[in-house]
Structure formats: structure tokens, C-alpha cells
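Asker: Top to bottom, those sequences are chains A and B. Going left to right, the first sequence walks through residues 1 to 126 as our numbering numbers them. Going left to right, the second sequence walks through residues 1 to 126 as our numbering numbers them.
Just so you know, the hints here were simulated from the structure itself, not pulled from any lab data. Take the hints with a grain of salt, since some may be wrong.
Computed Cβ-Cβ distance ranges for the label pairs, DEER-style [unchecked claim]:
hint, chain 1, residue 1, chain 2, residue 2, range
1, A, Glu13, B, Arg81, 19 to 27 Å
2, A, Leu45, B, Ala84, 42 to 50 Å
3, B, Gln91, A, Glu37, 42 to 50 Å
4, A, Arg116, B, Asp48, 26 to 34 Å
5, A, Gln30, B, Ala95, 37 to 45 Å
6, B, Ala119, A, Asp44, 26 to 34 Å
7, A, Asp44, B, Thr115, 26 to 34 Å
8, A, Asn47, B, Thr115, 24 to 32 Å
Computed far set for chain A versus chain B, every beta-carbon distance over 10 Å [what the hints assert, rightly or not]:
hint, residue
9, Glu37
10, Met42
11, Glu43
12, Val46
13, Val49
14, Gly51
15, Phe52
16, His57
17, Pro61
18, Asp73
19, Asp75
20, Glu109
21, Ala119
We treat Cβ as the ideally placed atom computed from N, Cα and C, and that holds for glycine.
Number of protein chains: 2
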Amino acid sequence: MSDYPEASAAPVEAFEPPYYVAVFTAVRSQEQSGYSETNARMEDLVNDVPGFLGMDHAQTPGGLGITVGYFRDADALMEWRNNAEHRAAQQRGQAEWYQSYTLHVAKVERSHGFTRVHAPQSATAG
Amino acid sequence: MSDYPEASAAPVEAFEPPYYVAVFTAVRSQEQSGYSETNARMEDLVNDVPGFLGMDHAQTPGGLGITVGYFRDADALMEWRNNAEHRAAQQRGQAEWYQSYTLHVAKVERSHGFTRVHAPQSATAG
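Next comes chain A alone, as it looks inside the complex (with noise of 0.2 Å):
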């Protein structure tokens, strides 16, 4: 849970397509023990993977979730689909943490980004 401060602070940035979208959309369950210390391992752990390129996370308080990890490529992707300790986390997260959940693998075909450069004009400049 450490990076969700810095996660949150700005999207991640576009990156040159094609690359990979790995959309995980969840409701959690009222079983939650366990779950941030998992989290937490889990974001560790897909920092080391090759090609890994960046995480964003939004949660509606007692609603949705979204996360969406951005892959360089199908292998790293799969790496990670792969890896023991996540298919662990996944099914514990079936058993206990989640109510519903819909994941979407998708490969980008375009991206673009905006950050403000200055304060946003008001009504009247326009």
C-alpha cells in the first residue's frame, strides 16, 4: 500500500503502443483480513518483473476498484500471470477478499497523455 500515495498523485504516462493493459475491476468482499499486507507484496513483486511498467489505482470508498498494470509485452505479462506467489494471492482473493471481479487483457493500439502546465483558465478568460 506504500505507493499508493505516489500512484495517485499523477496517472502513469502514456507509453510508445504497442504495449500491454492488464484491467483488474473489483468489489471487495467484508473478509479482508490479510488483504494490504498481500497487496502490498503483490506491488512488490511486479516491480521486479521485466518488463513491468507502471501500475494505476483508483478505489471508490465501498464501491469499485480499478487497477491497471501497463506490460511492455505478452511475455512479461505473462511472467507475471505465471508467477506462483501472485496465482496464490488470486486464488485466496477468489476464496475470501473479492465479491466480484472482471479482469481484461488488452493490447494498446494508441495512447495519449495532457499534464497542466499552467493554473486552469478561469470562466471569464475564455
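Given the structure of chain A, go ahead and fit chain B onto it with the hints provided.
Answerer: Here is chain B on its own, set in the frame of chain A:
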């Protein structure tokens, strides 16, 4: 905004690949005048796009927001991308509402979902 409570109750389910995701990650600025009304209008508009499949949204309070739109094919996404009212909203977003954002457009290659049927097993049950 009226769709958010429903949208957050459960993640959008997995569709049969291929389909497209538009992953929009953003941090908003201090200037939010008119944002909610425009956001609600965009949600209505995108629902009218043939091939629009659904949308997930999560918002960390004071932090990152992630919106994921699901589209049947590239044509559906193109129609939404070219919508004149949508383009005007994007321009206003850059001028006023967003501190920074990234858009990743990607073709889904695989997906799956999970929905709990029973209550989570207790820690001693496993």
C-alpha cells in the same frame, strides 16, 4: 453522475474478445465548475453510441480517477471519438477540469470474471 452508484455496485462483466477498452486515468484540477453536468451529459451520449458496451469508474477521493469504457469494435470507438459534443467537452477538460490525464486505447485479447455465490470462507475453514 446518476449512473455511478449502479456502475459501482459491480464491475462490468467480461465480454467475448475481441472488443476495445478506452482507459482514461486522470487527476482533476481545482476548477470543477460545470464538470458534473458535462460528465452526466457525456454518460448519456455514449450510451447512444451503437457498440458501446458499458463503463466502469472508480475515484480515489482527492486522488486518481479511472474510467474504463468498453466498445464492441473500432468503429464504435471511432464514433464516440468523433462526436462533436464529446470533442468540445475534451477541450474544456484540458482548459479547466484536469491537472493531468492519460488515455490508453486497447484491443482486448482475453478476459474473465468472477462473482461470489457464497459468503467468503472463514480463515479457519480453509
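Asker: Compare the structure with each hint and give your call.
Answerer: Here's how the hints hold up against the structure:
no.	hint	result
1	A:Glu13 x B:Arg81: 19 to 27 Å	holds (20 Å)
2	A:Leu45 x B:Ala84: 42 to 50 Å	holds (46 Å)
3	B:Gln91 x A:Glu37: 42 to 50 Å	holds (44 Å)
4	A:Arg116 x B:Asp48: 26 to 34 Å	holds (31 Å)
5	A:Gln30 x B:Ala95: 37 to 45 Å	holds (43 Å)
6	B:Ala119 x A:Asp44: 26 to 34 Å	holds (30 Å)
7	A:Asp44 x B:Thr115: 26 to 34 Å	holds (29 Å)
8	A:Asn47 x B:Thr115: 24 to 32 Å	holds (30 Å)
9	Glu37	holds (13 Å)
10	Met42	holds (17 Å)
11	Glu43	holds (15 Å)
12	Val46	holds (17 Å)
13	Val49	holds (18 Å)
14	Gly51	holds (16 Å)
15	Phe52	holds (15 Å)
16	His57	violated (7 Å)
17	Pro61	violated (7 Å)
18	Asp73	holds (12 Å)
19	Asp75	holds (14 Å)
20	Glu109	violated (6 Å)
21	Ala119	violated (8 Å)
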